[in-house]
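Enquirer: Read off the chains here:
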Amino acid sequence: MGRTGVGSRDLVLGTVCLTMAGALVWMSRDLKAIPGQHYGADTLPNVIAALSAAVGLWMVVSGLRGGADASPGDDELAAMQAEAATLRDPHWARKPASWARLAAAVMLVLAYMALSVPFGFLPAALVTLLGMLLLMGVRPFTALLIAVPAIVATRYAFGDLLLVPLPRTPFLGGW
Amino acid sequence: MVLAQALQLVLTPEVLITMVLSGAFGMFVGAMPGLTATMATALLVPVTFFMEPVPAIAAIVTAAAMAIFAGDLPAALLRIPGTPASAAYAEDAWCLTRGGQAANALGALLVFSAIGGTFGTLVLILAAPVLAEVALAFSSFEYFWLVVLGLSCAIFVSPGSVPRGLMSLAIGLAVASVGFDNPAGQPRFTFGSVDLMGGVPFICAMIGLFATAEVFRAVVAPTRLRRAERPDTSGLFRTQWQNIRRYPKQMMRGNILGTLIGALPGAGADIASWISYAVSKRFSKTPERFGKGHVEGLVEAGSSNNAAVSGAWIPALVFGIPGDSITAIVIGVLYIKGMNPGPTVFLEQPQLIYALFIVFLLANLIMLPLGWAAIRLGARMLSVPQNILMPVILLSCVVGAFAITNSLFGVVVMLVFGVIGFAMEELDVPIAPAILGMVLGPMLEKNFVTSMIKADGDLLAFFERPIAAGLGVATILFWLLPAIRWALARRRSAAAV
Numbered sequence: 001m002g003r004t005g006v007g008s009r010d011l012v013l014g015t016v017c018l019t020m021a022g023a024l025v026w027m028s029r030d031l032k033a034i035p036g037q038h039y040g041a042d043t044l045p046n047v048i049a050a051l052s053a054a055v056g057l058w059m060v061v062s063g064l065r066g067g068a069d070a071s072p073g074d075d076e077l078a079a080m081q082a083e084a085a086t087l088r089d090p091h092w093a094r095k096p097a098s099w100a101r102l103a104a105a106v107m108l109v110l111a112y113m114a115l116s117v118p119f120g121f122l123p124a125a126l127v128t129l130l131g132m133l134l135l136m137g138v139r140p141f142t143a144l145l146i147a148v149p150a151i152v153a154t155r156y157a158f159g160d161l162l163l164v165p166l167p168r169t170p171f172l173g174g175w
Numbered sequence: 176m177v178l179a180q181a182l183q184l185v186l187t188p189e190v191l192i193t194m195v196l197s198g199a200f201g202m203f204v205g206a207m208p209g210l211t212a213t214m215a216t217a218l219l220v221p222v223t224f225f226m227e228p229v230p231a232i233a234a235i236v237t238a239a240a241m242a243i244f245a246g247d248l249p250a251a252l253l254r255i256p257g258t259p260a261s262a263a264y265a266e267d268a269w270c271l272t273r274g275g276q277a278a279n280a281l282g283a284l285l286v287f288s289a290i291g292g293t294f295g296t297l298v299l300i301l302a303a304p305v306l307a308e309v310a311l312a313f314s315s316f317e318y319f320w321l322v323v324l325g326l327s328c329a330i331f332v333s334p335g336s337v338p339r340g341l342m343s344l345a346i347g348l349a350v351a352s353v354g355f356d357n358p359a360g361q362p363r364f365t366f367g368s369v370d371l372m373g374g375v376p377f378i379c380a381m382i383g384l385f386a387t388a389e390v391f392r393a394v395v396a397p398t399r400l401r402r403a404e405r406p407d408t409s410g411l412f413r414t415q416w417q418n419i420r421r422y423p424k425q426m427m428r429g430n431i432l433g434t435l436i437g438a439l440p441g442a443g444a445d446i447a448s449w450i451s452y453a454v455s456k457r458f459s460k461t462p463e464r465f466g467k468g469h470v471e472g473l474v475e476a477g478s479s480n481n482a483a484v485s486g487a488w489i490p491a492l493v494f495g496i497p498g499d500s501i502t503a504i505v506i507g508v509l510y511i512k513g514m515n516p517g518p519t520v521f522l523e524q525p526q527l528i529y530a531l532f533i534v535f536l537l538a539n540l541i542m543l544p545l546g547w548a549a550i551r552l553g554a555r556m557l558s559v560p561q562n563i564l565m566p567v568i569l570l571s572c573v574v575g576a577f578a579i580t581n582s583l584f585g586v587v588v589m590l591v592f593g594v595i596g597f598a599m600e601e602l603d604v605p606i607a608p609a610i611l612g613m614v615l616g617p618m619l620e621k622n623f624v625t626s627m628i629k630a631d632g633d634l635l636a637f638f639e640r641p642i643a644a645g646l647g648v649a650t651i652l653f654w655l656l657p658a659i660r661w662a663l664a665r666r667r668s669a670a671a672v
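Residue numbers (my numbering), protein chains in the order written: chain A, 1 to 175; chain B, 176 to 672.
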């Protein structure tokens, strides 16, 4: 990663920190100290806000200077992590398809939440797992062959062995 | 008497079977490139939630120890470290495998991992009760400084840039401040949600940060693995006696350094492994052979990373201050199980503490047969396709998060933290300081406000008790260290000009 990359990233992260600091101060305005004391529920949020603001300013300044404050080992560390992260495409963020896949994965979890209460665990989990397998490029028939036993095993392990009250499926006798 | 009770707690079929199964699970997760020991722990927690304290902790300890060793398997067979803790010596392990010495490399990694883990556990057994007696004299002032020192270590000792570490810490502390559980008892950042009154469920957040985030990373940029070769791994243990006799100093140095680094909050097995590898090369008679398939670095760094896993339990059990992300998760589990970590647990539940010590030792011994089996299966285990594994992991995350809260609220938290963890990883913001912030935030606030009530708001009270003053001065010096180093470097470069 070059200096400019580090710089623009620091600028973005610094802005996030400053926003977080502002939000914390604003949200803690109604919190009060313990009666008769100087400190209370507002103490920790204000300390975090101060820390966040200081870090935000540090990163913004560093970002404007092109990431000059990045520690010297950063490049080696990034290279090391890239190696450790195996053969991942480092430029995925430039591809709209990658973002669409991420959005789809999030949507599949949301679909589980929406479907599990009215239809129960099995159909909701089937939709999510099948969708994820297809998203990861598994062929439809293979995906079905994997998804069905996987959700039945999960249902048995958590629902019957560990007694987790997973949402019941009305049309399968409540299983 | 206490030891007999502890043995009774551990030597039951339930605990032993749990250890073997969780060990196999840890082996599998650790061997998968991209899946870490912390992820193995986070995925295991929902299952341990339904167990008694001893088997629950036994499961986590065994899985974590196995996962750290198992990360060495793809390092040696594919040149891809399974966990970051194996990255330091992946090149050497791979070169040895290619040179027909797979049995020597993998055998060394297995045996010295077990030795390192056992050494760290013995230090824990000897040091923890002594430290606990000292800690009994601690008041809120000392605990406040300990927490601040722990958080500072997490920032300054971890690799990567300091401001990003501080940003991560601020995120963790902000998450910890949600809920009713604060000194004033006021609902804080709950936005009217009843679910948030009890705070953000820590385990669901962990599952999101470590497991869901990794699934998202695989979704946006799938990992392409080479096919692992099937090297000859017969006679794994035969050459290790020679290695012990040839490199006793390296083994001990790795053990000691790993345990010490592990005991520092924020510095876990990854850092221990890199530092030990560097130290090994620095003092080696044949440094030119490092990186080209030399077993010396494997002995030292392989011992060190497992010793660090054991060392991290020292501050976790004695002070309730986690040494790394894994112990942070376990501290959460211990609280759920009513076994609040800290010095008093050594007085009130000594049989449980000794049971944990026995579990730690057993976990490192079980590593030898399980590791042997994993090495024999190695190439076959690594051929499990990531595109099947990741969707199954996502389903486990969803069900696991649901199991913690028995409601969809847990799944919402998991998803939110999955997205946050994904963004942090991609933006090179370390996650460990956020975890420590989440665990230590309430402790920081409670000890600060309690101290201020005792001292009537006088901040100098933090320096009035000798141990508190010592810890306070040490913490402030620790903060000033980067500035001092910077000033010295400037002076040196000015002198050179």
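Hints are supplied without guarantee of correctness; some may be wrong.
[Stated by the list, open to error] Simulated coverage check for chain A against chain B, where a stretch passes if three residues somewhere in it have a Cβ under 8 Å from a Cβ of chain B:
id	segment
1	25 to 36
2	92 to 103
3	106 to 120
4	127 to 136
5	154 to 163
[As the list claims (entries may be wrong)] Where chain A lies over chain B, by a calculated footprint (3+ residues, C-beta under 8 Å):
id	segment
6	281 to 287
7	343 to 350
8	370 to 381
9	482 to 496
10	515 to 524
11	573 to 586
Hints in this document: simulated from the structure, not taken from any laboratory.
Keep in mind that this is a model prediction, so the values were computed, not measured.
Just so it is clear, CB atoms sit at the ideal spot from N, CA and C, and this is done for glycine as well.
Enquirer: Does each hint fit the structure? Answer for all of them.
Expert: Here's how the hints hold up against the structure:
1. 25 to 36: Holds: 6 residues of the segment 25 to 36 of chain A have a Cβ under 8 Å from chain B.
2. 92 to 103: With 6 residues closer than 8 Å to chain B, the segment 92 to 103 of chain A meets the three-residue bar; holds.
3. 106 to 120: With 8 residues in contact (Cβ-Cβ under 8 Å with chain B), the coverage given for the segment 106 to 120 of chain A holds.
4. 127 to 136: Holds: 6 residues of the segment 127 to 136 of chain A have a Cβ under 8 Å from chain B.
5. 154 to 163: Holds: 4 residues of the segment 154 to 163 of chain A have a Cβ under 8 Å from chain B.
6. 281 to 287: violated (count 0)
7. 343 to 350: holds (count 5)
8. 370 to 381: violated (count 0)
9. 482 to 496: violated (count 0)
10. 515 to 524: The restraint on the segment 515 to 524 of chain B is violated, since only 0 of its residues have a Cβ under 8 Å from chain A and three are required.
11. 573 to 586: holds (count 7)
Going through the hint list in order, the structure does not satisfy hints 6, 8, 9 and 10.
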